Amino acid sequence: MRSKNNGKDFCMFAFPGMFCFFAVVIVPFIYGIYLTLTDWNGVSKEKNFIGLRNFAGVVKDRQFWTSLLLTFKYVILVVVLVNVLAFVIAYLLTRGIKGQNFFRAGFFTPNLIGGIVLGYIWQFVFSRVFVNIGESTGWSLFEASWLSDPTKAFAALVLVSVWQLSGYMILIYVAGFMGLSEDVMEAASIDGASGWVKLKSIIMPLMMSSVTICLFLTLSRAFMVYDVNLSLTAGAPYGTTEMAAMHVYEKAFTSRQFGVGQAEALILFIIVAGISCLQVYLTKRQEVEA
Amino acid sequence: MKQTTIGGNKRKAANFLAVAGLIIIFLVYMFPFIMVVINSLKQKRDIIKSPFSWLYTIKGLSFDNFVKAYTQMDFLNAFKNSLIVTVSATVLVTLLAAMLAYYIVRHNNGISKLTFALMVASMIIPFQAIMIPLVSIYGGTLDILNHRTTLIFMHTGFSMAMSVFMFHGFIKGNVPMALEEAAYIDGCTHSQTFFKIVLPLLKPIISTMVILNSMAFWNDFLLPSLVLSDKKLLTLPLSTYSFYGTYSADYGTIMAGLLLCVAPILILYVALQKQIIGGVVAGAVK
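Protein chains in written order, with the working numbering: chain A, 14 to 303; chain B, 161 to 446.
The hints are simulated quantities; they were obtained by calculation from the structure and are not laboratory data.
Keep in mind that this is a model prediction, so the values were computed, not measured.
Where a beta carbon is used, it is the ideal one built from N, C-alpha and C, also for glycine.
One should not assume that every hint holds.
[To be verified] Covered by chain A, per the in silico footprint, the following chain B stretches (three or more residues, Cβ under 8 Å):
| no. | segment |
| --- | --- |
| 1 | 224-234 |
| 2 | 237-249 |
| 3 | 267-278 |
| 4 | 371-385 |
| 5 | 412-422 |
[To be verified] 25 Å max Cα-Cα, derived SDA-like pairs, lysine to any residue:
| no. | chain 1 | residue 1 | chain 2 | residue 2 |
| --- | --- | --- | --- | --- |
| 6 | B | Lys170 | A | Lys73 |
| 7 | B | Lys332 | B | Asp346 |
| 8 | A | Lys213 | A | Ala201 |
| 9 | A | Lys211 | B | Lys204 |
| 10 | B | Lys204 | B | Phe186 |
| 11 | A | Lys111 | B | Gly438 |
| 12 | A | Lys213 | A | Arg108 |
| 13 | B | Lys332 | B | Ala444 |
| 14 | A | Lys60 | B | Thr301 |
| 15 | B | Lys228 | B | Ala338 |
| 16 | A | Lys73 | B | Ala409 |
| 17 | A | Lys297 | B | Ala444 |
| 18 | B | Lys204 | A | Asn145 |
| 19 | B | Lys172 | A | Ser194 |
| 20 | B | Lys363 | B | His267 |
| 21 | B | Lys434 | A | Val101 |
| 22 | A | Lys111 | A | Glu263 |
Full structure from sequences and hints, please.
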């Protein structure tokens, strides 16, 4: 594409895409930083410059820190459980069993469906099906709906997220296992490596690139959980299951404190970006070539 | 794997255990869907009495729930809205991203470099960090919320970075310069070269991006919920949300509504399973 009329090329090929991207992502992002310095309430035409007072508001917003702490707990549980479960299932799936594709496709199904619908499906399961099991068997675990107890509602949220995300990670781990070279595995067997040694010294290092991707995806998704949170528990009971992303939404659009909400959103962004970068840096170092 | 027999009985037993374990895990995974299907045909009394049984119902099974859900959700209208938004945004982002990526690969100038760097960096920004100023700009200053076109435009903008990134990698690795030069010598203009020579070569990555983007657009809730509030414009996830808010105690109808919502994707999934799974893996591994 070497030519004299570069300007025309630019207008035709580059400009439309760039315009969408800048208008929807870059401009609002920068404008968002400015918003944190104003006292805008979402309705009034007036925005007063108030310096860093919104950030002071964030510090005082105890519910934000509670939900942030809860989000950390949630993220750790979800990331660990999703990856362990998906890794094990992918390992079982790639042992050469029949129906591998069928299982893989089945496990992926929850990812095709929006979080809102998934949350409602599980709400029914938790509040009716499990309670019914409790009534007919007398198991105290299912006596009352999990969603009405803060700890159990949190557990329910973790469970549904693990269920939802693991199918996706199974796909990636299966692709990783399929990519393992047969020669290397055979050489290891001939050298007398047992199953456990093979897993620890050969499979794990070679699978690290899949682990990097899966950890990155689960981390960023878990931190930003919103749909399932909204439809499964909506923060109930009494806001005890309100995650950070949902709190930001509530702060801005329900309490109409846009400046504080945006400041919290930015803090959340910095935390997520920092942790994700650190994770990619750390796991990338573990990657090896076969 | 053909060498299953080499390991002998021990290997066979291990494989049997693996399959048995998988089947159990699989049934647990499918359990919520099974519950929805079973209960979508029952009346509320039977659901409360026993969500499991299908045969022993007092009121019997019927499709009444589906009829009710279909009309109450305004299903056809929501489906149409979702379809318009998803198809338009997918076509738009695929085309614009391919063109922009092509420009960036072939023009190694400052604008290209800056745009590409910004796009890669922006992929880490979560939507929540942008939504408030987005509403402030498009709702306040420009006042163009509550239009389908606005939503399509925003979907396009938000998926632009990722799409350009993917197209960029593909074009760099798989589209030879020599082919384009030959086209120029034969007298093709730039746009002819792009649409007739380059675009057909991008087929594999286009199918990946179409699958990833359309799935994301179809299921998205947060962005449409901020943009659309007019009842006539609601997409499927939005109308499910408002439908659930009104009928949450009417379990049978709710289950039928949820099933209606899921059905179109599942049908598509059964038909295009290989492509969808291939696309998702290709998208993630990049």
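Right, here's what the structure says about each hint:
{"no.": "1", "hint": "224-234", "result": "violated (count 0)"}
{"no.": "2", "hint": "237-249", "result": "violated (count 0)"}
{"no.": "3", "hint": "267-278", "result": "holds (count 5)"}
{"no.": "4", "hint": "371-385", "result": "holds (count 6)"}
{"no.": "5", "hint": "412-422", "result": "holds (count 5)"}
{"no.": "6", "hint": "B:Lys170 - A:Lys73", "result": "violated, 62 Å"}
{"no.": "7", "hint": "B:Lys332 - B:Asp346", "result": "holds, 23 Å"}
{"no.": "8", "hint": "A:Lys213 - A:Ala201", "result": "holds, 12 Å"}
{"no.": "9", "hint": "A:Lys211 - B:Lys204", "result": "violated, 54 Å"}
{"no.": "10", "hint": "B:Lys204 - B:Phe186", "result": "violated, 28 Å"}
{"no.": "11", "hint": "A:Lys111 - B:Gly438", "result": "holds, 19 Å"}
{"no.": "12", "hint": "A:Lys213 - A:Arg108", "result": "holds, 17 Å"}
{"no.": "13", "hint": "B:Lys332 - B:Ala444", "result": "holds, 19 Å"}
{"no.": "14", "hint": "A:Lys60 - B:Thr301", "result": "holds, 13 Å"}
{"no.": "15", "hint": "B:Lys228 - B:Ala338", "result": "violated, 61 Å"}
{"no.": "16", "hint": "A:Lys73 - B:Ala409", "result": "violated, 38 Å"}
{"no.": "17", "hint": "A:Lys297 - B:Ala444", "result": "holds, 16 Å"}
{"no.": "18", "hint": "B:Lys204 - A:Asn145", "result": "holds, 14 Å"}
{"no.": "19", "hint": "B:Lys172 - A:Ser194", "result": "holds, 22 Å"}
{"no.": "20", "hint": "B:Lys363 - B:His267", "result": "holds, 22 Å"}
{"no.": "21", "hint": "B:Lys434 - A:Val101", "result": "holds, 22 Å"}
{"no.": "22", "hint": "A:Lys111 - A:Glu263", "result": "violated, 48 Å"}
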